[in-house]
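J.: The chain contents come next:
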Amino acid sequence: MKSHSAWDLPLRLGHWLLVAGIFWSWGTGHWHHLAWHRYSGYVLLATVLFRVYWGFAGGTHARFRSFVRDPQTVWTYVRTLTQRSTEQYTGHNPVGGWNVLLMLTLLTVQIGLGLFSVDVDGDESGPLADYVSFNTGRRCAHLHHLCFNLLLASIVLHLAAVAFYQFYKRQNLVGPMIASPASPPTSWAKALVGACAAALITWVIASGLRLTT
Amino acid sequence: MSAAWAAGEMEQTITNRQSNLKDLGGAFKAVRDQLKRSTPNIAEIKQAAQQISDLAADQRHWFPKGSGPEAGIKTAAKPEIWSDTTGFAAALDRFSTEAPKLLQLANASDLEGLKAQAKVVGDTCKGCHDKYRVPDDT
Numbered sequence: 001m002k003s004h005s006a007w008d009l010p011l012r013l014g015h016w017l018l019v020a021g022i023f024w025s026w027g028t029g030h031w032h033h034l035a036w037h038r039y040s041g042y043v044l045l046a047t048v049l050f051r052v053y054w055g056f057a058g059g060t061h062a063r064f065r066s067f068v069r070d071p072q073t074v075w076t077y078v079r080t081l082t083q084r085s086t087e088q089y090t091g092h093n094p095v096g097g098w099n100v101l102l103m104l105t106l107l108t109v110q111i112g113l114g115l116f117s118v119d120v121d122g123d124e125s126g127p128l129a130d131y132v133s134f135n136t137g138r139r140c141a142h143l144h145h146l147c148f149n150l151l152l153a154s155i156v157l158h159l160a161a162v163a164f165y166q167f168y169k170r171q172n173l174v175g176p177m178i179a180s181p182a183s184p185p186t187s188w189a190k191a192l193v194g195a196c197a198a199a200l201i202t203w204v205i206a207s208g209l210r211l212t213t
Numbered sequence: 001m002s003a004a005w006a007a008g009e010m011e012q013t014i015t016n017r018q019s020n021l022k023d024l025g026g027a028f029k030a031v032r033d034q035l036k037r038s039t040p041n042i043a044e045i046k047q048a049a050q051q052i053s054d055l056a057a058d059q060r061h062w063f064p065k066g067s068g069p070e071a072g073i074k075t076a077a078k079p080e081i082w083s084d085t086t087g088f089a090a091a092l093d094r095f096s097t098e099a100p101k102l103l104q105l106a107n108a109s110d111l112e113g114l115k116a117q118a119k120v121v122g123d124t125c126k127g128c129h130d131k132y133r134v135p136d137d138t
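Top line first, the protein sequences correspond to chains A and B. Under this note's numbering, read the first sequence as residues 1 to 213, first letter to last. Under this note's numbering, read the second sequence as residues 1 to 138, first letter to last.
It is possible that part of the hints are untrue.
To be verified - Pairwise CB distance ranges (calculated):
#1 B/His61 with A/Ala153: 43 to 51 Å
#2 B/Pro135 with A/Leu101: 28 to 36 Å
#3 B/Asp136 with A/Ala20: 24 to 32 Å
#4 A/Trp16 with B/Pro135: 30 to 38 Å
#5 A/Leu192 with B/Arg37: 46 to 54 Å
#6 B/Pro64 with A/Leu146: 28 to 36 Å
#7 B/Val134 with A/Arg139: 13 to 21 Å
#8 A/Trp16 with B/Thr86: 49 to 57 Å
#9 A/Arg139 with B/Asn20: 13 to 21 Å
#10 B/Arg60 with A/Tyr39: 50 to 58 Å
#11 B/Pro79 with A/His30: 19 to 27 Å
What the hints assert, rightly or not - Sample of chain A residues lacking proximity to chain B, with all beta carbon distances greater than 12 Å (derived):
#12 Leu9
#13 Trp16
#14 Tyr39
#15 Ala57
#16 Asp70
#17 Thr80
#18 Leu81
#19 Val132
#20 Phe134
#21 Phe167
#22 Leu173
#23 Gly175
#24 Pro176
#25 Met177
#26 Pro181
#27 Val204
Stated by the list, open to error - Quick partial rundown of chain A residues pointing at chain B, CB under 8 Å, derived from the structure:
#28 Val118
#29 Val120
#30 Asp121
#31 Gly122
#32 Asp123
#33 Ser125
#34 Asp130
#35 Ser133
#36 Asn135
#37 Gly137
#38 Gly208
#39 Arg210
Keep in mind that the hints were calculated from the coordinates and are not lab data. Glycine residues also receive a C-beta, built at the ideal position from the N, C-alpha and C atoms.
In isolation and in its complexed conformation, chain A is listed as follows (with noise of 0.2 Å):
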């Protein structure tokens, strides 16, 4: 299976930490630990923007530029989505990669919103919420509540794919996201480059964006 390679070490990690980080968010959130849950969205943040980094730097199957497609190439595929008999995609599929941009998009704005967001006390808040007023950080925390149901659609959407794939087409999409080696990035050094200003941007904005006072 020519798809066991294609998902390079720090690829597989970012995924299973926005995983873990995903639902370690929503646990803390739902029962009110937000210290944990801010800490939790710095994970996120952090794995976020690694991730961005990392479709431009990262290996073939990790740019943006291999998996999001024009849309003649995505009805193309989709057409051909019932068929059983399709050879198996090597990197995201057509479809599969538009789900991972919205995924993304939406992981973004979760995060941005959690930024500003403020709890209905004014006791807990995020680390950019003394720059917005009471009400606007209540705002963003009711769209961070919305925004988290859009992103839950979206991640239910990628796991019914994954289940399509393996029920239905007989592809099995998990076990090279688990069982079988990682290949290394193409470049270690560009993956610590990443790496370490993913975590410099997300301690400065944890920070509340005050380095000196």
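Got chain A; can you put chain B on it based on the hints?
T.: Same frame as chain A, but now just chain B:
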């Protein structure tokens, strides 16, 4: 006539209550925002703490009988406020006792004390909201 008048008055009561509670949230956020900084602005904390203290002292007038869900106006106030009057009064007492301490600490420019007290005051908000307020989505 008089029922309609009473309903209008209740609506006003609930609107005022919501506006007061939003002011409280805003003032508390102002305190928290300053305490997050490495060099908090004490003048701003004093001003917000004064507002919190004043509103806390006034709070027991915000929940007259009939201003709950039965008023038919959108409110997150739970009926327990009026069925468990002792518990609710105790919750309000906790807040009106703890809130003025913020102002005292601000006047004394005691930042460490303020940080600790902000947590205590935040817990009184949360304690009351958990019991007597319909949970928000967020």
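J.: Look at each hint and say if it fits the structure.
T.: Do the hints match the structure? See the list:
| no. | hint | in the structure |
| --- | --- | --- |
| 1 | B/His61 with A/Ala153: 43 to 51 Å | holds, 45 Å |
| 2 | B/Pro135 with A/Leu101: 28 to 36 Å | holds, 34 Å |
| 3 | B/Asp136 with A/Ala20: 24 to 32 Å | holds, 27 Å |
| 4 | A/Trp16 with B/Pro135: 30 to 38 Å | holds, 32 Å |
| 5 | A/Leu192 with B/Arg37: 46 to 54 Å | violated, 33 Å |
| 6 | B/Pro64 with A/Leu146: 28 to 36 Å | holds, 34 Å |
| 7 | B/Val134 with A/Arg139: 13 to 21 Å | holds, 19 Å |
| 8 | A/Trp16 with B/Thr86: 49 to 57 Å | holds, 51 Å |
| 9 | A/Arg139 with B/Asn20: 13 to 21 Å | holds, 19 Å |
| 10 | B/Arg60 with A/Tyr39: 50 to 58 Å | violated, 38 Å |
| 11 | B/Pro79 with A/His30: 19 to 27 Å | holds, 25 Å |
| 12 | Leu9 | holds, 36 Å |
| 13 | Trp16 | holds, 27 Å |
| 14 | Tyr39 | holds, 15 Å |
| 15 | Ala57 | holds, 34 Å |
| 16 | Asp70 | holds, 39 Å |
| 17 | Thr80 | holds, 41 Å |
| 18 | Leu81 | holds, 36 Å |
| 19 | Val132 | violated, 10 Å |
| 20 | Phe134 | violated, 4 Å |
| 21 | Phe167 | holds, 35 Å |
| 22 | Leu173 | holds, 34 Å |
| 23 | Gly175 | holds, 38 Å |
| 24 | Pro176 | holds, 37 Å |
| 25 | Met177 | holds, 32 Å |
| 26 | Pro181 | holds, 42 Å |
| 27 | Val204 | holds, 15 Å |
| 28 | Val118 | holds, 6 Å |
| 29 | Val120 | holds, 5 Å |
| 30 | Asp121 | holds, 4 Å |
| 31 | Gly122 | holds, 4 Å |
| 32 | Asp123 | holds, 4 Å |
| 33 | Ser125 | holds, 7 Å |
| 34 | Asp130 | holds, 4 Å |
| 35 | Ser133 | holds, 7 Å |
| 36 | Asn135 | holds, 7 Å |
| 37 | Gly137 | holds, 7 Å |
| 38 | Gly208 | holds, 6 Å |
| 39 | Arg210 | holds, 7 Å |
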